Amino acid sequence: MSNKRPILSVENLTKVFGGVVAVDNVSFTVEEGEIFAVIGPNGAGKSTLFNMITGVLPSSSGNIYFQEKRLNRKKPYQIAQMGITRTFQNLEVFDNMTVIENVMTGAHITMKTNILTAGLRLPSVRNEEVKTMERAMEALEAVGISDLAYEIADRLPYGSQRLLEIARAAISNPKLILLDEPMAGLNSEESRQLVEVILKMREQGMTFLFVEHDMETVMSISDSIVVIDNGVKIGEGTPEEIYQNPQVVAAYLGDEEEEGVEAYA
Amino acid sequence: MLKVTDLHTHHGYLHVLNGINFELSEGELLAIVGSNGAGKSTLLGTLAGVYRPSSGSIEYKGKDITKQNVQKMVSSGICLVPERRQIFSSLSVKDNLMLGAYHRYRRDHKKVHDEYEEVLELFPRLKTMLNRPGGLLSGGEQQMLAIGRGLMANPKVLMLDEPSLGLAPLIVKDIMQILRKLCDERGATIILVEQNVKAALKVADRGCVLAHGQIVISGTSQELLNDPKVQEAYFGKMEAAKV
Amino acid sequence: MKKVFLSLFVLMTMLFLAACNSDNASETKETSTEPAKEDSATTEPSGDGEPIKIVGIFSSSGGAAALGEPELETIKMLVEEKNAAGGINGQQIELITYDDKSDQNQAILAMKKALTQDEATVVIGGTISGNALAMLPLAEQYETPYISLAASKQVYVDESGNARKWVFKMPQDDQLAVERILQYLKDKNLTKVAWLNVANSYGTGGHDEFKKYAPEYGIEAVIEDEFEATVNDAKPLLTRVKKENPDAIIVWGTVQESAVVIKNIRELALEAPILASHGIATEQFIEVAGDAANDVILPTGKLLVANSLEDSNPQKDVLVSYSKQYTDKYNKPASTFGTYAADGFNIAVKAIESKGTDRAAIRDFIENELGEYIGVTGIFNITPDNHMGLAPDSFEMVRIQNGEWVLEK
Amino acid sequence: MELLSQMMQLLFSGLTLGAIYALIAVGFVVIYNVTGILNFAQGEFAMLGALTCISLVNNNVPLWLAIILSIVIVAAIGGIFERTALHTARKSSVTTLIIITIGVSIVLRGAAILIWGTQVQTLPPFTDNTPITILDAVLLPQNIWAVGISIVILILMMYFFNYTFVGKSLTACVVNPFAARLMGINPEKMSLFAVIVSAGVGALAGTVIAPISGATYDMGMMLGIKAFVAAVIGGLTNAPAAIAGAFLIGILEAFTEGLWSSGLKDVVTFTFLLLILFVKPEGLFAKASGKRV
Amino acid sequence: MNSKSLKLIYNNSILGPIILFAVLFCIPLVSSSNYLFSILTMIGFYALVCIGLTTLTGYAGQISLGHAAFYGIGAYSSAVLTSTYGLNPWIAIIIGALISAVVALIVGIPTFKLKGYYLALATLGFGIIVYTLFKEFSSITGGSNGFFGIPPISLFGYEFITDKSYFYLIWVFVFFAILFTRNIIHSRIGRGLRSIEGSEIAADAVGVNLMNYKLQIFVLSAIFASVSGSLLAHYVSFINPDLFVANTSIFFLIMVIMGGKGNIWGSIVGAAMYVLLDEILKHYVPLLLPNVGGQFEIVFFGILLVLTLIYMPDGLVPRFEKLMSKFKKKTPTNGALQSTISVNATGGDNK
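Protein chains in written order, with our numbering: chain A, 1 to 265; chain B, 266 to 508; chain C, 509 to 917; chain D, 918 to 1210; chain E, 1211 to 1561.
No lab work stands behind these hints, which were simulated from the structure alone.
Since no wrong hints were added, every one of them can be taken at face value.
Below, computed lysine to any residue pairings styled on SDA-like, alpha-carbon distance capped at 25 Å:
#1 K1374/E <-> W1300/E
#2 K463/B <-> V249/A
#3 K463/B <-> Q244/A
#4 K1008/D <-> F1461/E
#5 K661/C <-> F1347/E
#6 K1323/E <-> A1311/E
#7 K438/B <-> A250/A
#8 K751/C <-> P1048/D
#9 K1532/E <-> T1005/D
#10 K673/C <-> G1359/E
#11 K700/C <-> E919/D
#12 K700/C <-> A780/C
#13 K376/B <-> G1084/D
#14 K463/B <-> A250/A
#15 K200/A <-> E34/A
#16 K332/B <-> R369/B
#17 K1106/D <-> R369/B
#18 K467/B <-> L490/B
#19 K751/C <-> M925/D
#20 K359/B <-> T1081/D
#21 K1532/E <-> S1009/D
#22 K700/C <-> K751/C
#23 K463/B <-> V232/A
#24 K467/B <-> A250/A
#25 K1323/E <-> V1185/D
#26 K1325/E <-> L1315/E
#27 K375/B <-> F1077/D
Computed far set for chain E versus chain D, every beta-carbon distance over 10 Å:
#28 S1243
#29 N1298
#30 F1385
Everything numeric in this text was worked out from a predicted model, so none of it was measured.
Glycine is no exception: its CB is placed at the ideal position from the N, C-alpha and C atoms.
Okay, chain A solo, but in the shape it has when bound (with noise of 0.2 Å):
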């Protein structure tokens, strides 16, 4: 944490959507090795923010930053090869796979085999398949699922399936990972066990940027947060200093006599 260095900065960001504002002029910095959580009720932004990051949406305005390279009109795919790469809300795993495949799928950026290599099946092809393969079944170790290799991730209970994206996400050697809501709809058990992994691969040196409904997650894993509401960013800080943000606070119980609580017509 000595000497920090931001991953990714986000500058003045906003989305309009046929006259609606759904992010409206956010800025913030994820560094390098942290745990940064975006948090905010429901409608608030959140959801778009990422997309806008991820390149799935087209910002209105503003500016993304990702070492020092924007990021602004680059699709999806170009990002994740920048190394970028997310988790979703509601699971997208490939469900007519096998799990290994489905983390063999995530290293995709990292191999070469091309369709006619590949449909020659030449030696280096298979060589380069049997390293991603030993690789694929290490990251399914780190998330604690290596025995379900190969099952169909369909087949999978939704806990495993969430551990499931996120080796996915992590075996292309990303410098930042994405986390949509990754604890909605696990159980206790599940989401210690996601913290864990999480915690552990952070220790690693990965940069994590999440967003989660969760308060106690986010409370006991985040290193910053960021506060959305309608779109707006009303607070930024350590999880205490959220804690005691009383336009935090408002956002969520829904004090109406606050300030601050911008209406959209």
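We have chain A already, so just place chains B, C, D and E on it with the hints.
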């Protein structure tokens, strides 16, 4: 009026509702609060017949209605005003309201028109924009329209999913008062799902907190408002809220 | 339910295998006409067991069904008649027919089956040129006489202009019809004409002949274009024709599209005489085109005007009796397409009568020994160089008048 | 002057063609909007309508009654088709649904051969068909019927969707199926209704075209494809736009054929389609709205 | 261990194809019916197209109603290059495949931005355009009259003339096509493709360049179709545009969907079903209903098609596999066997 016993609902592999029990009497306003993903919307969806429960029962006026589909639910008087309003954006305000009475329009043509006037009395703002397409209304107006449309179904039980979502506090207050009025003056039974805990509990008779598909706290709204655990539940410092 | 369907498909595979194995056994039941079976019982003592196998491949469904159906019916009728009369030299004829659904791939498969599975003595069929052309290499390969009922000249003439060894063709060449039309135009001194053909092999085939022979007759095309077989409205095309103001308009197509185009010509009040191809020479055309059919002039086989022919015409008897036989049996007017099948069958019978079932001998007989054969379609003079053997006079020019076919002089 | 009359002639032809495409295209749009399925058997409704009507007329039913009866009969067939095929398979993938509707069109075409054979049949024109000459260009009353009927249908459709309760319920189903369900609107009923209506309109198209070009069992396919093209070019979700697209295609075809080459007519039409799809896939006349794309 | 478990996931032994071909190539020992071989040859031609198409439809999730165009481009390239320009058939096949590949690339780039019905219509339109061009450029293609006298193919002095020789030839091609495609599917590329089907958004997020893969597979399937068309041209020696109408494309897709899209075996079963069903109907419908023409067969075919898809929307082969695995699971087995079954069931052979 409405009795829910050990209700379970699955979304694929996800066990969303994990044994819900509650009873509701006529004219009561029940607020259900809880964090995102707790299963509130699924609960309302299950009650409205949108989702099939995997086990458990729903009794309405002593009759088992667990397996009814949406159309039957609406006809028997249970109506859901969905999250994010879901109005018919290209249809006019009037058409939106009229479609609310779809299931009885042909039978009670005249009565529907009378009630249409009544509903408009409840939402005077809508009166001025009857021919405007629903999509051009402001968020608050759309919410009123959605509630009005729900009322046109002439429901005995009205369910609202996060009516305050994305609305300014003043408008939220308005809407909450209207809901209260509905209960008091028309004897409607209302289930209100809200994230805006304070606003909801202020108007509700009773409230319950939903977490991980189960009701973890319930009581009168006053009790809940004063319960420090409710506030804590939102910030996750309370292990009790977790299973 | 799902299991039921699955088992259905397993069953199907087995059915197919059964179909394959039992081919020879069940084919008789399946395709030969019913009387043939009965007769084989009655005539059994007289002949040796092996019937003579003739295979017919027609487009009795699909796009060309209107052509293929009378062919199939004619050949069924004639086989029945022949078998009832004791067959050929005491041997029964076994007729096996296939429907190629007007599809080229189906035609190939049927031809394969005919030559290899059924081991046909003679194959008759190929209703449309595309199918006949796809079938004939097989006839050459398996050295089986093949009598084609499709019109294209390419059917019996190969790329280098020589006759294909095993293929004979019954219908007149398009060339003959085109020449007949050109002769007519020349006689009437209509030299500047518009040529319109349907955009398929029939249409372009006619067009090629026209381009080739028009200069010989001193006819000049002021506009040449084509229309779709599915045409709904040809007026856009006809506006261009109108601008050129031709002496006559030739519409080369089959029934439906020609009817639409000719109706449109009348609607646009184009005064030029309309000449059409022999492809519309059916009652149906008059029905579909209605009043617009009046005064359309076309070349046709003699069948339509059989009764108006002079008694001295050598074909008259054959024509009248064929026409009567067909109408009596099927209760509908005979069609020109049926005459092709009739001639094909009769020629094959003649050959088998004199040479037995030896394929090469049959071929040689048709090529060298048949001589002048008076058929329903025309008078055939088949030679080693000409495996069709008809002349332009097998066509008559006919004018449609009030729904009747009238000989045009 | 001659050029002008030629242009007029081409315009008349284009409008007639467009009118017929429009009637079938409207059916596509209605079914697509309500069910999300593109019905590749749509053209067959026109074929069935035309041939049924001809059979009735041949059995001495008066023309007007024959038209109405054939619309009713084809609408009923449409209803059966929806219940048996579309409804049972509605959850399948787009590809499977395409093949199912194609399969149905194969069945209908085959059945038509069985009933009517492969021969061309004609229907007398609706009224006396003496050509009218405008600026040296010829216009037939039947063509006026075609254009007129399609305009009337367009107006009826607009009235239906915008001013009747059932129409509005259908629109509601399109705009927001989820909310419509919550209002107790039964989407299955609506889907049945939509297919019945578009089958009826398709049948009408068939009876309109039968006096112009005759009717055969295989007329449906190309009509269907062209109408489909028209609907997509106009904007698949919007009936008036689809009708505009249909007239555009009709006119484009007529002018290509009249001024250039009839053989390359289809090339021009489909190239135009591809261009539209690549450049403006939501259709030329579609309003940017939150509807399905 | 690793190489063994790699096998388990990918089950990439060539046992399946080898058994199929062993069985197929044994047929000549049992039967010498040329009719049978012509049927099997036809199935081979269709199967080769379908293998490409099934990869496109099942794995890349793209529909194509225009594959007859590539089939035609292959056929006409071979026809023109060998007859008109006297090239060696094998060179003609390669040139045809290259032309198809380039056309596929040019058409594919804008087309695959479209989805669902729009994609279907765009490819249908492409097919119709190509068909019309075959008809209109009659100076090269012979127009509607068709193209005659395509010479038979030959290899090391051996001329392929008989049905049996083409039967061997086409099925050797099918064999290698199966191997090639399977290798692709069980590789990085295949996972990329299948990820598109599994979840397009997640595929994007792991860096799979969707467009690029869709295009590559489209080009591959175009090449397969083209080669099949070329071989067909040499086999039948006469082609005309009507072989390559929109209907042909539709029937290719029907074969793929009937067999089970995204399943190589499905494409072969689909092609076989299509051809066999036709022959069966031709044989049995007249037995059931004497004195009716081929149209009854069409109706039967249509009804069977619709019913199959309604009750087995995934197609025959996946349904069969499901049934088989259910059957296997029902039989009591010891744990070890159980686990191999589940590995097999999840293994790549069928995917």
